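Protein chains: 2
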Amino acid sequence: MNLAVFVPPQAAHGRVPVVYWLSGLTCTEQNFTLKAGAQRVAAELGLMLVVPDTSPRNTGIPGEADEEHFGAGAGFYLDATQSPWSAHFRMYTYVTEELPALIAANFPADMRREGIFGHSMGGHGALTIALKNSGRYRSLSALAPICAPMQNNWKPWHPFVRYLGEDRETWKQYDACELLAHQRFPGTILVDQGDADPLMGGLRPELLRDACARAGQALHLRMQPGYDHSYFFVASFIGDHLRHHAKALT
Amino acid sequence: MNLAVFVPPQAAHGRVPVVYWLSGLTCTEQNFTLKAGAQRVAAELGLMLVVPDTSPRNTGIPGEADEEHFGAGAGFYLDATQSPWSAHFRMYTYVTEELPALIAANFPADMRREGIFGHSMGGHGALTIALKNSGRYRSLSALAPICAPMQNNWKPWHPFVRYLGEDRETWKQYDACELLAHQRFPGTILVDQGDADPLMGGLRPELLRDACARAGQALHLRMQPGYDHSYFFVASFIGDHLRHHAKALT
Numbered sequence: 003m004n005l006a007v008f009v010p011p012q013a014a015h016g017r018v019p020v021v022y023w024l025s026g027l028t029c030t031e032q033n034f035t036l037k038a039g040a041q042r043v044a045a046e047l048g049l050m051l052v053v054p055d056t057s058p059r060n061t062g063i064p065g066e067a068d069e070e071h072f073g074a075g076a077g078f079y080l081d082a083t084q085s086p087w088s089a090h091f092r093m094y095t096y097v098t099e100e101l102p103a104l105i106a107a108n109f110p111a112d113m114r115r116e117g118i119f120g121h122s123m124g125g126h127g128a129l130t131i132a133l134k135n136s137g138r139y140r141s142l143s144a145l146a147p148i149c150a151p152m153q154n155n156w157k158p159w160h161p162f163v164r165y166l167g168e169d170r171e172t173w174k175q176y177d178a179c180e181l182l183a184h185q186r187f188p189g190t191i192l193v194d195q196g197d198a199d200p201l202m203g204g205l206r207p208e209l210l211r212d213a214c215a216r217a218g219q220a221l222h223l224r225m226q227p228g229y230d231h232s233y234f235f236v237a238s239f240i241g242d243h244l245r246h247h248a249k250a251l252t
Numbered sequence: 003m004n005l006a007v008f009v010p011p012q013a014a015h016g017r018v019p020v021v022y023w024l025s026g027l028t029c030t031e032q033n034f035t036l037k038a039g040a041q042r043v044a045a046e047l048g049l050m051l052v053v054p055d056t057s058p059r060n061t062g063i064p065g066e067a068d069e070e071h072f073g074a075g076a077g078f079y080l081d082a083t084q085s086p087w088s089a090h091f092r093m094y095t096y097v098t099e100e101l102p103a104l105i106a107a108n109f110p111a112d113m114r115r116e117g118i119f120g121h122s123m124g125g126h127g128a129l130t131i132a133l134k135n136s137g138r139y140r141s142l143s144a145l146a147p148i149c150a151p152m153q154n155n156w157k158p159w160h161p162f163v164r165y166l167g168e169d170r171e172t173w174k175q176y177d178a179c180e181l182l183a184h185q186r187f188p189g190t191i192l193v194d195q196g197d198a199d200p201l202m203g204g205l206r207p208e209l210l211r212d213a214c215a216r217a218g219q220a221l222h223l224r225m226q227p228g229y230d231h232s233y234f235f236v237a238s239f240i241g242d243h244l245r246h247h248a249k250a251l252t
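Protein chains in written order, with my numbering: chain V, 3 to 252; chain A, 3 to 252.
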């Protein structure tokens, strides 16, 4: 697995909090690293940034890289249960266990202070991972997240069918709106969403707003006029998100 | 010619100052646009950013795109005088006349408030253009600029040979250190240079420092420990440079 790590200058004086960035469909660790403009702000705030790839790659599974919403670049931050994907596509365990262990062993990170955020599919990952591990992550935010993947009608197959099987009950642990029926994040979730995002119909921020309202979950959802789904949108608000994390972590 | 323009939100209320960014060898207008993280800061400061390509392209001249230091991506912000290049490679006139006219006609720019900066070959462009047009540009800075191109021994040919001919006297108008013998910039020139830049031997910041000292030219040269020549270096200090320009322009 490739990954990118930004170590801020404050690490010269002691362990620093770590924020995981989860990227969207088709991305590698490079998109955020090159385009988000995050390092300059993270350097000011003293945050380590850990940026994994979005899936395993070159697993040898036939057709692995043929689709935009499934396989390579589309790990959806879940643990696949269906063969042959279950042997490799275990991004949930990677992000919550293997990757933090690797960071703890190799970088000056304070693993008691973890935050998580992401974009699009990575926003889905951040929301579901933080909700499933209530109390572990001290800060949570997302940019244009996929809020309710079970409501999406990806063609020709919903990616969860091949990762998790046909039983939709097993999908609910990877859907933020479903998780909010019985999980809370102990803090305010910051979410930015461009109102000119052409993918809005598949992101469903209104369902997240409703689910948080029903659950009593604190949510700061900001609809940003004129913004689309691109990394220009991410770069525009990355500073706000990093400050949101720093407020909880530093 | 491709170009990128960032219009800050302040332009909704009136014309805004314009800062030209000149890019380095091999770049198009995309490198800065995607990697520098400049827009967020320019939006705060109310600066329009104008980012031209680094040369004409697809001119039909044989071998135009065969070399890194010459031809496509390597216009050196000069007006070629030698055939066949003189018919197309006129970046000096493009940046100082054609491009500003295009901006004035199409964007809410206040053309009485222009600044200029750049990276590497683009730093050379910014320095030479501002020195040759003393009084026009109100602010000037550069990141890892080529300070003394006449001292460079590019192989197999110095690019100026084919653009300008063998008479080195004609080269001096495109060499910042030579221009400082008789030109001044009416303000402080901000220059950042990474001290781990592998191209340092071709950039010669020490010659710029000496030429400015001899000329009585105000220069703020910052050697940045551990930084290389990449856009990570640019992104690290782009905020300081934009604030340097805003101080003079707003």
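Rather than coming from a laboratory, the hints here were simulated on the basis of the structure.
Nothing here was measured: the structure is a model prediction, and the numbers come from that model.
Accuracy of the hints is not assured; some may be wrong.
One copy or any two copies: either way a pair holds, since identical chains are not told apart in the list.
Straight-line C-alpha distance at most 35 Å; calculated DSBU-like pairs for lysine-lysine [said to hold, decoys possible]:
1. LYS249 <-> LYS157
2. LYS134 <-> LYS249
3. LYS249 <-> LYS37
Tested hints:
no.: 1; hint: LYS249 <-> LYS157; in the structure: neither (40 Å within a copy, 53 Å between copies)
no.: 2; hint: LYS134 <-> LYS249; in the structure: within (22 Å within a copy, 48 Å between copies)
no.: 3; hint: LYS249 <-> LYS37; in the structure: both (24 Å within a copy, 26 Å between copies)
Violated hint for the displayed structure: number 1, the only one.
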